[in-house]
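*Asks:* All chains, please: the whole structure from these sequences, using the hints.
Keeping their order, the protein sequence lines are chains W and L. Residues 1 to 393, numbered by my numbering, are exactly what the first sequence covers, in order. Residues 1 to 390, numbered by my numbering, are exactly what the second sequence covers, in order.
I should point out that these hints are in silico values taken from the structure, not numbers from a laboratory. Some hints here could point you the wrong way.
Quick list of in silico lysine-lysine cross-link-like pairs, DSS-like style, CA-CA up to 30 Å [claimed, not checked]:
#1 LYS371/W with LYS217/L
#2 LYS140/W with LYS371/W
#3 LYS161/W with LYS112/L
#4 LYS23/W with LYS8/W
#5 LYS160/W with LYS153/L
#6 LYS138/L with LYS160/W
#7 LYS161/W with LYS217/L
#8 LYS23/W with LYS138/L
#9 LYS8/W with LYS371/W
#10 LYS140/W with LYS138/L
#11 LYS217/L with LYS2/L
#12 LYS153/L with LYS138/L
#13 LYS2/L with LYS159/L
#14 LYS160/W with LYS112/L
#15 LYS98/L with LYS380/L
#16 LYS222/L with LYS160/W
#17 LYS112/L with LYS159/L
#18 LYS161/W with LYS98/L
#19 LYS141/L with LYS159/L
#20 LYS87/W with LYS141/L
#21 LYS376/W with LYS217/L
#22 LYS140/W with LYS87/W
#23 LYS159/L with LYS98/L
#24 LYS222/L with LYS140/W
#25 LYS160/W with LYS380/L
#26 LYS138/L with LYS87/W
#27 LYS112/L with LYS141/L
#28 LYS140/W with LYS141/L
#29 LYS98/L with LYS258/W
#30 LYS161/W with LYS138/L
#31 LYS21/L with LYS161/W
#32 LYS112/L with LYS217/L
#33 LYS21/L with LYS159/L
#34 LYS222/L with LYS380/L
#35 LYS217/L with LYS98/L
#36 LYS161/W with LYS376/W
#37 LYS376/W with LYS21/L
#38 LYS21/L with LYS371/W
#39 LYS140/W with LYS98/L
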Amino acid sequence: MSIFRKLKEHLTDVLYVWRQEMKQVIRDEGVLMFLIVVPLGYPLLYSWIYNNETLRETPVVVVDQSHSALSRQFINDCNATPDVDVKYYASDLDEARSLVSRQIVKGIYLIPADFADRINRGEQATVSVYCDMSLMLAYKAVYQTAMIEAGRMSAGLNIKKAGNYTDHENAITAQPLIAHDVAMFNPSGGYGSCVLPAVLMLLRNGQLIPDDDPHYRGAYRVVWGKALCYGMVGAVAAAYLSMAVPRMFSFPQLADGKTLLAMLLPYTMACIFFGMTVSCLVRYRENVMLLMVFVSVPLLFLTGVSWPQSSIPGAWHGVSWLFPSTFGVRAFIRANSMGASVSQILPEIRILWIQAAAYLGMACVVYAYQKRLARKHVKTVTNSTDLIEPDDQ
Amino acid sequence: MKTIFRFFDIVLRELNIIVRKNRIYGFCMVVFPVLLVVFFTTMLDEGLPQDLPIGVVDHDDSATSRGLIRSLDAMQNSRVMYRFASVTEARNAMQEGKVYAYLYIPDGTASKLMSGRQPNISYYYTMTCMTAGSMVSKDLKTISTLGSAALGKATLSAKGASDEQIRAALQPVTIDAHMIANPQGSYNYSLTTVFVPGILMLFMALLAAYSLGMEMKFDSGKEWLARAGGNIVVAILGKFIVHALVFLLVIFCYQYYIFDVLHFPRLGGTWSIVRLTLLQVAASIGFGIFAFGLMPSMRMSMSISSLWMVLGISMCGAAFPVAGMDPPLQAMSWLFPLRHYWMLYQSTVLNGFPVIDVWFHLVALVAFTLLPWFVLRKVKNAMLNYVYIP
Chain W
1 MSIFRKLKEH LTDVLYVWRQ EMKQVIRDEG VLMFLIVVPL GYPLLYSWIY
51 NNETLRETPV VVVDQSHSAL SRQFINDCNA TPDVDVKYYA SDLDEARSLV
101 SRQIVKGIYL IPADFADRIN RGEQATVSVY CDMSLMLAYK AVYQTAMIEA
151 GRMSAGLNIK KAGNYTDHEN AITAQPLIAH DVAMFNPSGG YGSCVLPAVL
201 MLLRNGQLIP DDDPHYRGAY RVVWGKALCY GMVGAVAAAY LSMAVPRMFS
251 FPQLADGKTL LAMLLPYTMA CIFFGMTVSC LVRYRENVML LMVFVSVPLL
301 FLTGVSWPQS SIPGAWHGVS WLFPSTFGVR AFIRANSMGA SVSQILPEIR
351 ILWIQAAAYL GMACVVYAYQ KRLARKHVKT VTNSTDLIEP DDQ
Chain L
1 MKTIFRFFDI VLRELNIIVR KNRIYGFCMV VFPVLLVVFF TTMLDEGLPQ
51 DLPIGVVDHD DSATSRGLIR SLDAMQNSRV MYRFASVTEA RNAMQEGKVY
101 AYLYIPDGTA SKLMSGRQPN ISYYYTMTCM TAGSMVSKDL KTISTLGSAA
151 LGKATLSAKG ASDEQIRAAL QPVTIDAHMI ANPQGSYNYS LTTVFVPGIL
201 MLFMALLAAY SLGMEMKFDS GKEWLARAGG NIVVAILGKF IVHALVFLLV
251 IFCYQYYIFD VLHFPRLGGT WSIVRLTLLQ VAASIGFGIF AFGLMPSMRM
301 SMSISSLWMV LGISMCGAAF PVAGMDPPLQ AMSWLFPLRH YWMLYQSTVL
351 NGFPVIDVWF HLVALVAFTL LPWFVLRKVK NAMLNYVYIP
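*Replies:* Printed below as a string of structure tokens:
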């Protein structure tokens with residue numbers, strides 16, 4: 001056989017597998033669900049959930065034992081902030097506690113009886129803040145508002161004492177050193193903008209597990225044929241997730257097409273081959289789902305988006321190197337939310353290419369092994385339940 | 001009497017499946033949960049992210065600026081890892097993911113501070129990782145207060161004021177924070193206790209749908225029903241009592257580990273934990289059976305329960321509060337078992353409040369447990385008449 005004919009035959013096989021896989025994807029409602037409904041629907045839903053981004057008007061209860069002009073000023077100042085809403089006044093701490101217990105308020109401000117007296121005597125007065133710690137965001141709103149208002153009140157009192165002549169002097173007394181704090185790349189400090197890109201990318205990891213094992217000849221051809229099929233679906237999903245969804249919900253979108261392509265191409269390939277390798281490890285195709293569910297949340301943590309990368313223990317760093325999602329998500333966030341250029345995410349892209357190559361090799365090996373196993377099995381046993389799904393043609 | 005024998009027959013049959021026939025049960029019931037607990041508790045062991053890498057751009061290079069940088073470095077959450085020559089360089093490092101924030105101190109800060117001309121310093125931090133961003137920004141706020149206070153402190157102590165007088169003069173009003181039930185503000189306490197139960201509930205529901213689907217797939221449903229004497233209630237109870245008991249055991253081990261070995265804070269008593277765990281297991285399995293009854297197809301029911309339960313992790317309001325979501329979503333949150341679990345957990349176990357204050361969530365979990373009742377006939381019908389379509 002000439003080399004030319006061999007090549008042609010090879011190509012025909014690959015294309016045949018591609019066609020067959022495509023057909024199967026369209027016929028199989030389970031696969032279809034994970035390829036279409038999940039990437040189309042989930043991002044929208046998640047974006048909706050986190051759409052409001054910040055928590056406003058957290059309800060709190062005030063126990064004002066001081067009943068002074070100063071304590072009322074403090075309460076009014078807190079109430080006027082966007083984050084806290086003084087909903088109730090309680091006569092004592094027990095009453096306030098029962099409001100927390102009934103989930104009506106998230107925190108208690110206790111102003112002691114000697115609050116105004118102490119201030120007027122020139123001593124330090126204290127406001128006690130009791131926070132329900134079940135919600136970190138609510139705790140931050142309740143606590144930080146009290147901190148800021150206490151600081152502002154202190155500054156106001158100091159200005160009075162200073163006896164300055166001009167407004168400028170007052171400003172200097174209140175704040176000798178001005179610190180600007182600038183939140184970059186997610187200006188509203190929103191929850192959505194921060195978690196979403198990661199979720200979007202992760203979904204891609206999950207949906208790309210191809211299942212089933214038709215008996216095609218040549219492991220290499222099967223792998224390429226399947227890769228073409230899933231790559232086709234994956235490319236559409238990737239474009240949708242990385243370009244359409246952020247635009248719909250106006251999340252930051254700083255990456256240009258070239259950068260996105262440079263990172264999404266190796267990421268999609270690594271995901272496909274990773275999926276193929278893993279799918280060979282399970283006996284029934286339904287089990288893939290159980291496996292994906294199990295790893296998806298830990299994977300999100302390993303990307304360093306919800307938990308800072310520098311605080312991930314070393315051992316888990318090592319584990320995270322096995323998954324394409326770790327680097328895919330990091331590269332995507334840096335490129336899309338932080339505007340990094342290709343050269344700035346080059347390390348991640350390189351690792352993704354290495355992963356793609358490694359998982360391609362592994363997928364070929366695993367497929368070849370599985371085929372040998374299947375052939376042996378057909379010869380000896382006919383009990384199909386123990387084996388991988390027999391294909392239905 | 002016959003019913004009881006049949007019941008035990010089904011129990012033995014299910015045990016045989018779980019222990020000997022299909023290894024995935026062992027994985028999902030024991031191996032994965034153990035791995036999950038290990039993962040989350042070791043991953044979040046620090047509790048709060050500490051020593052996050054940050055950089056400084058110090059153009060002032062004075063004793064004051066160096067003092068500021070030193071005290072920033074000494075903060076719990078930040079560690080000054082880089083000194084950059086320019087802001088551009090610092091921003092590049094941030095885009096490369098080397099630092100989470102940088103402090104920019106312009107030329108002339110110290111002299112302006114001394115002469116009362118209100119200098120500016122700037123602090124840039126990235127909010128792409130919210131946890132890191134809010135941690136480092138908190139440190140900055142402390143630093144800027146300290147920077148301002150340093151001047152006043154020096155002046156006052158030169159005038160001979162005592163430490164107490166200085167404190168009162170600089171900060172007449174202070175805040176005394178009581179972080180109830182989580183005094184360290186540890187993320188381990190708040191995240192592990194949502195994610196682990198959430199994923200476990202997901203497994204329980206998935207496995208319920210899976211095990212019913214497997215009966216159909218291998219056409220053993222008829223045999224299963226026959227051994228229960230054609231009584232679907234006995235069949236279901238016998239099958240899932242095994243799942244429930246295994247999961248109960250696993251979850252109690254998890255509770256023992258986090259509360260008694262790792263000493264997670266809790267103000268509620270043992271009974272509150274036991275009650276919550278019983279409801280959690282029953283509601284999740286009930287949900288899984290219901291999902292299968294609605295759509296007696298293995299794929300669809302598994303997809304539905306996994307998608308729903310994964311969504312529950314976001315919808316339960318532990319990370320982003322339900323009160324902050326759009327009203328339609330607030331209403332929808334009632335449909336997620338994890339939401340009720342979490343409300344009960346934080347109220348009765350974490351804070352030790354009486355269960356009557358969250359009775360509605362308890363009733364909701366009971367309702368999830370009873371959901372399969374609506375689909376019993378459909379499940380039976382599916383077992384007897386449906387043919388598995390791959």
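*Asks:* Now, for every hint given, state plainly whether the structure supports it.
*Replies:* Results for each hint:
1. LYS371/W with LYS217/L: Holds, because 24 Å separates the two Cα atoms, which is no more than 30 Å.
2. LYS140/W with LYS371/W: Given that 30 Å is the threshold and the Cα spacing comes to 57 Å, the pair is violated.
3. LYS161/W with LYS112/L: holds (23 Å)
4. LYS23/W with LYS8/W: holds (23 Å)
5. LYS160/W with LYS153/L: holds (18 Å)
6. LYS138/L with LYS160/W: holds (28 Å)
7. LYS161/W with LYS217/L: At roughly 82 Å apart (the allowed maximum being 30 Å), LYS217/L and LYS161/W break the hint.
8. LYS23/W with LYS138/L: Violated, at about 55 Å.
9. LYS8/W with LYS371/W: Satisfied, since the Cα-Cα distance of roughly 23 Å is no more than 30 Å.
10. LYS140/W with LYS138/L: holds (11 Å)
11. LYS217/L with LYS2/L: With Cα atoms ~29 Å apart, LYS217/L and LYS2/L stay inside 30 Å; holds.
12. LYS153/L with LYS138/L: Between LYS153/L and LYS138/L the Cα gap is close to 22 Å, so the pair holds against 30 Å.
13. LYS2/L with LYS159/L: violated (94 Å)
14. LYS160/W with LYS112/L: holds (23 Å)
15. LYS98/L with LYS380/L: violated (59 Å)
16. LYS222/L with LYS160/W: violated (86 Å)
17. LYS112/L with LYS159/L: Holds - the C-alpha atoms of LYS159/L and LYS112/L are around 22 Å apart, at most 30 Å.
18. LYS161/W with LYS98/L: Roughly 45 Å between the alpha carbons, so the hint for LYS161/W and LYS98/L is violated.
19. LYS141/L with LYS159/L: OK: LYS141/L and LYS159/L at ~27 Å, within 30 Å.
20. LYS87/W with LYS141/L: holds (28 Å)
21. LYS376/W with LYS217/L: holds (25 Å)
22. LYS140/W with LYS87/W: Distance of about 18 Å is within 30 Å: holds.
23. LYS159/L with LYS98/L: violated (45 Å)
24. LYS222/L with LYS140/W: Roughly 57 Å between the alpha carbons, so the hint for LYS222/L and LYS140/W is violated.
25. LYS160/W with LYS380/L: Not OK: LYS160/W and LYS380/L at ~80 Å, beyond 30 Å, violated.
26. LYS138/L with LYS87/W: Satisfied, since the Cα-Cα distance of roughly 27 Å is no more than 30 Å.
27. LYS112/L with LYS141/L: holds (20 Å)
28. LYS140/W with LYS141/L: holds (14 Å)
29. LYS98/L with LYS258/W: holds (23 Å)
30. LYS161/W with LYS138/L: holds (29 Å)
31. LYS21/L with LYS161/W: violated (81 Å)
32. LYS112/L with LYS217/L: Distance of about 79 Å is beyond 30 Å: violated.
33. LYS21/L with LYS159/L: With Cα atoms ~84 Å apart, LYS21/L and LYS159/L exceed 30 Å; violated.
34. LYS222/L with LYS380/L: holds (9 Å)
35. LYS217/L with LYS98/L: Violated: LYS217/L and LYS98/L sit about 52 Å apart, past 30 Å.
36. LYS161/W with LYS376/W: Cα-Cα ~92 Å, so violated.
37. LYS376/W with LYS21/L: holds (22 Å)
38. LYS21/L with LYS371/W: With a Cα-Cα distance of about 24 Å, the restraint between LYS21/L and LYS371/W holds, given a limit of 30 Å.
39. LYS140/W with LYS98/L: Within the cut-off at roughly 27 Å; holds.
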